[in-house]
Amino acid sequence: MVQQNEFLTLLVALGVLVFVVSNRQGLRDLPRSSLCLAAFLVLVAGLAFTVLEGLVWQDVFNMLEHFCYGASSVLLAVWVWLVSRGASQWHRT
Amino acid sequence: MAQNLIIGLAWLSIAVLAGALGVLIAGWNRVLGRDARRLLTGLLVISILHGISNWGEWHGIPSPTDPLEDYFLLLLPALWGSFLYVFLREHSRAELHRSEERYRSLTDDVLETTAAGICILDSLGHVVWVNQAVEEHSGLKRHEIVGGHYVGLIEERLKPLVDDPSGWAAEMLAIFEHEGEIGVECHVLPGADRQERWLECRGQPIHSGLYAGGRILHFYDITERKRAAEHRERLLKVLETQKAELERFVYTVSHDLKAPLITIQGFAGILQENLARGELGEAQTDLERIERAANRMEKLLEELLDLARIGRENIAEAPVDLAGVIAEALEGLRSEIDRRGAAVTVHATAPAVWGCRTRLVEVFQNLIDNSLKYLGNQLDPAIEIGAEPGENEVVCFVRDNGIGIDSKYVNKIFELFEQLDPHCAGTGIGLTIVKRIVETHGGRIWVESEGAGHGTTFWFTLGNRRPPEETEVQDAQASPSPGAELAD
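Keeping their order, the protein sequence lines are chains C and G.
Residues in the first sequence are numbered consecutively from -14, following the numbering used here.
Residues in the second sequence are numbered consecutively from 851, following the numbering used here.
It should be emphasised that the hints constitute simulated quantities derived from the structure, not laboratory data.
Backbone N, C-alpha and C fix where the C-beta goes; we use that ideal spot for every residue, glycine too.
Do not take every clue at face value.
Unchecked claim - What follows is a list of derived Cβ distance ranges for each label pair:
{"id": "1", "chain 1": "C", "residue 1": "Q(-11)", "chain 2": "G", "residue 2": "R939", "range": "52 to 60 Å"}
{"id": "2", "chain 1": "G", "residue 1": "E1031", "chain 2": "C", "residue 2": "R13", "range": "18 to 26 Å"}
{"id": "3", "chain 1": "C", "residue 1": "R13", "chain 2": "G", "residue 2": "A1079", "range": "53 to 61 Å"}
Said to hold, decoys possible - If you want the footprint, here are the derived chain G segments under chain C, 3+ residues with CB under 8 Å:
{"id": "4", "stretch": "896 to 903"}
{"id": "5", "stretch": "924 to 935"}
{"id": "6", "stretch": "938 to 950"}
{"id": "7", "stretch": "989 to 997"}
Claimed, not checked - Which stretches of chain C does chain G cover? Using the computed rule of at least three CB atoms under 8 Å from a CB of chain G, they are:
{"id": "8", "stretch": "-13 to -3"}
{"id": "9", "stretch": "10 to 21"}
{"id": "10", "stretch": "37 to 44"}
Starting from the given sequences, assemble the full structure and let the hints guide the process.
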């Protein structure tokens, strides 16, 4: 059973994904951008699994969902840590 | 198993996110802008709460996110989107700022300090920007130039500054009508707030950007180039004159040296015949004639060598007292003056001049000797010698009441081997030597005579000081004197 809030969250995430794709050139200037965007994409995958979980293979998708949330968090944290170490290289703003 | 894994993942994410949040709060503030940092902090906080929520969900423990019920999860993509959007906005602003800085650096550090003047006109012909060099070239302040229309600027402000204003203004106005690149030269006259200089203005259309349809004008200072070209022209003229002199010299020398040689050859043949006939008295006369011809040839060669040395030798220059020079010259000619019974008067009131004493004595000796030779049948011969101070120079003269010079010869007498009286003793080199010495001393020489029988005055000037800027040209004029090769 698909929950309304999960579906709405997925829609918002997909909207952000469209924004990311359309602005990928500018977002490349983000330090270590691939890691940061990977964190976001894994989160989107987690949100997608959340929706799928309500339709089929509940256990599998549930597992994948939480795995993606965890991986996204780890990637985001690693990105913050790496960028903070190399902050002197960028001085972007 | 799966439940434990999920709980473990939740713990892991909570732990690393908390660490990342700590790093961020501890001072990670140089990579992102202020708003992006705040959103990232919010994203980390929400991610931690999400981890806690997941953990609580499996343990049945109420989570801090419960009041937000099911829509808490919505915050995550929303914050991600906001964060990335704000980053892009801040990044664009930073890029714009850097671009402005680059432009400012370009204008302030490069275009403002370049030696070439730069002037930008918009499509309507208004001056929108000029650099520092334009101010220096024109002597006008920037606020007097920028904003005005170029036609008014040229006609009212710039035209009075240049030589040939009408021609220059017409050419400058044509720049704006011309589609391609065009160049105009102008001579900026010196003024209170500008130097004299030559400028080359090159104008070309602007095809793109804010001032598309306008013109960019570059003003290059070509003063040094112009001066070098003028200097080269002067040297070329000197070279041409010297070449002509050299050709004339070679012709004259070969002609005049040939005369005693023919005499020697002729009398050598006669001598042989007289000896064959045993006429020793005639042979003695022949030998005397041969000796005289050889002596004349030797004198000619010595004087030619002396002429060639002038301007090439390293003479010791020093302040020279002209009264002493005249006295020395007269002393050398005392016997001849006495023989001719000439009355000599000296007016030497001039200050000391910078030059070579020996050469200046030679000048006066040659001129006095020349006067003595051409006194003619004057019953009351008189020679007047003077050296008086003039304006930035000393004016000297040697005047006699001798036979004078016909006006048609006054320009010829300084030429090599030119003699008014071919029967008169002398080689015809003396006045050429005098002229050369005077010129190497930065002076000039001329002769005045009211005609035959009215006496002659030789005038010459000597510089009080050597003008340093003309030394090179004078040296160039003087050094390769005709026959200089003979001295080597």
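How the hints compare with the structure:
About 32 Å separates the C-beta atoms of Q(-11)/C and R939/G, a value inconsistent with the hinted range of 52 to 60 Å. A hinted range of 18 to 26 Å is violated for the C-beta pair E1031/G and R13/C, which are about 40 Å apart. At roughly 56 Å, the beta-carbon separation of R13/C and A1079/G lies within the given 53 to 61 Å, and the hint holds. For the stretch 896 to 903 of chain G, the assignment as covered by chain C holds, since 3 residues bring a beta-carbon within under 8 Å of that chain's beta-carbons and 3 suffice.
Coverage of the stretch 924 to 935 of chain G by chain C holds in this model, with 8 residues showing a Cβ closer than 8 Å to a Cβ of that chain against a need of three. Three residues within the 8 Å Cβ limit are the bar, and the stretch 938 to 950 of chain G against chain C gives 5, so the coverage statement holds. A stretch counts as covered by a chain when three or more of its residues have a beta carbon under 8 Å from one of that chain; for the stretch 989 to 997 of chain G and chain C the count is 0, and the coverage is violated. With 7 residues having a Cβ less than 8 Å from any Cβ of chain G, the stretch -13 to -3 of chain C passes the three-residue criterion, so the hint holds.
Restraint check on the stretch 10 to 21 of chain C versus chain G: 5 residues with Cβ-Cβ distances below 8 Å, three needed, restraint holds. Counting residues of the stretch 37 to 44 of chain C whose CB lies closer than 8 Å to any CB of chain G gives 1, which falls below the minimum of 3, so the coverage claim is violated.
The structure is inconsistent with the numbered hints 1, 2, 7 and 10, although it conforms to all the rest.
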